[in-house]
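Q: Each chain is listed here by its residues.
Number of protein chains: 2
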Amino acid sequence: MKIYDIPGFPNPFRIRVVLAEKNLGDQIEFIKIDLPAAEHKQPAFLAINPTGTVPVLELDDGLQISECTAITEYLDNLDGMPVLTGKSPREKAVIHMMQKRAEILIDSVGDYFHHATPGLGSALQAYKSPEWVGREEWGERQRDRAVSSMRYFNEVLKSQPYIAGKTFSMADITVLGGLMFAGFAQIAIPEECTVLVGWAAHMQDRPSVKQPV
Amino acid sequence: MKIYDIPGFPNPFRIRVVLAEKNLGDQIEFIKIDLPAAEHKQPAFLAINPTGTVPVLELDDGLQISECTAITEYLDNLDGMPVLTGKSPREKAVIHMMQKRAEILIDSVGDYFHHATPGLGSALQAYKSPEWVGREEWGERQRDRAVSSMRYFNEVLKSQPYIAGKTFSMADITVLGGLMFAGFAQIAIPEECTVLVGWAAHMQDRPSVKQPV
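As you go down the protein sequences, you meet chains B and V in turn. Residue 37 in my numbering sits at position 37 of the first sequence, and the numbers go up by one each step. Residue 163 in my numbering sits at position 163 of the second sequence, and the numbers go up by one each step.
All clues given are correct.
The list treats identical chains as interchangeable, and a pair is accepted whether it falls inside one copy or across any two copies.
List of simulated lysine-lysine pairs, BS3-like, C-alpha gap at most 30 Å:
no., residue 1, residue 2
1, Lys158, Lys2
2, Lys87, Lys100
3, Lys41, Lys128
4, Lys2, Lys166
5, Lys32, Lys128
6, Lys158, Lys87
Derived from the structure by calculation, the hints contain no laboratory data.
Can you make the complete structure from the sequences, with help from the hints?
A: Have a look at this one:
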């Protein structure tokens, strides 16, 4: 299998943690996409993923799967023993609900970073909308939304060890990716979110998080 | 089980089609949430779903599940015979990828409707941001995004009968919900999207779509 991504970036990180959790790292050939050069906005990459995002998983028969939730469903179910996406209907439901809420965090940070800051630099400017009145204000609203989301997860973690309950799941990985991205975008975690900060530090003890593929 | 929703609205429609597909309609007690009166923005409902959206599925033991993808995963897997969310890793992956793309359509229509038009009326105005410079322009950008999404699905359906391939799935339901919402919000399907229009008409022959729960 191949993965089109760029190491060290938040959404690629999510799938690299999944690969480490599932011991699949040695089955993947990585192909680096140069995001700061806007390679993901060019026709060659848009043919791989029309929504222009990384990572993309390419199977040996050529099927290309984008979107982290979809890629995680594939990798986690490949051996018939899912550990990140739930086994029972109830587990699947709660994990998918929390995954969606976690994506509010990571996507809001991304929207702030790309619209209200210089983002990844000048090559990507052509794909923004300088004529859009209110673009930066909209981006700043997304930052506020990300911070609200941090407060929400801080509350969630007061009564359970993981984002979706008693076990580690893809929703934890997504929140960790969101916090990584927030650090990169210089969005501070509110001081009162001590439970979230403690949880994130504790997660670093997990081998897949400490050392993703 | 209970479902908090409002009949005839796009996201509630999605789950009512799922219930019809799975023959689960008679196991649900529906509780109507008055969206035009902003009931979903009040503390009583936010305690049920902090993101303030319908539908929400409540299990008999009290667990409350929001987000259509999560609710669909639950209902579809309840009998151990999933037909809408995929059986193999490959099916799960493609369905979740297309579900995410379909949500771009329905969510963009919703953002246009609520931000660039009077939406559901005056009671909800208090939950918008009149001081946000560019709110309407942002909403109009979401309309353009919805139209691009229609063009994308028109292309997809040129080579396969359903949104995720050879069989009907939750991604079809989401696109149908998106087109229903687009009609309500008066976003026209581009004239050249004849394949999409033909597909949507054909889908009305399906009992669950023609007559959801």
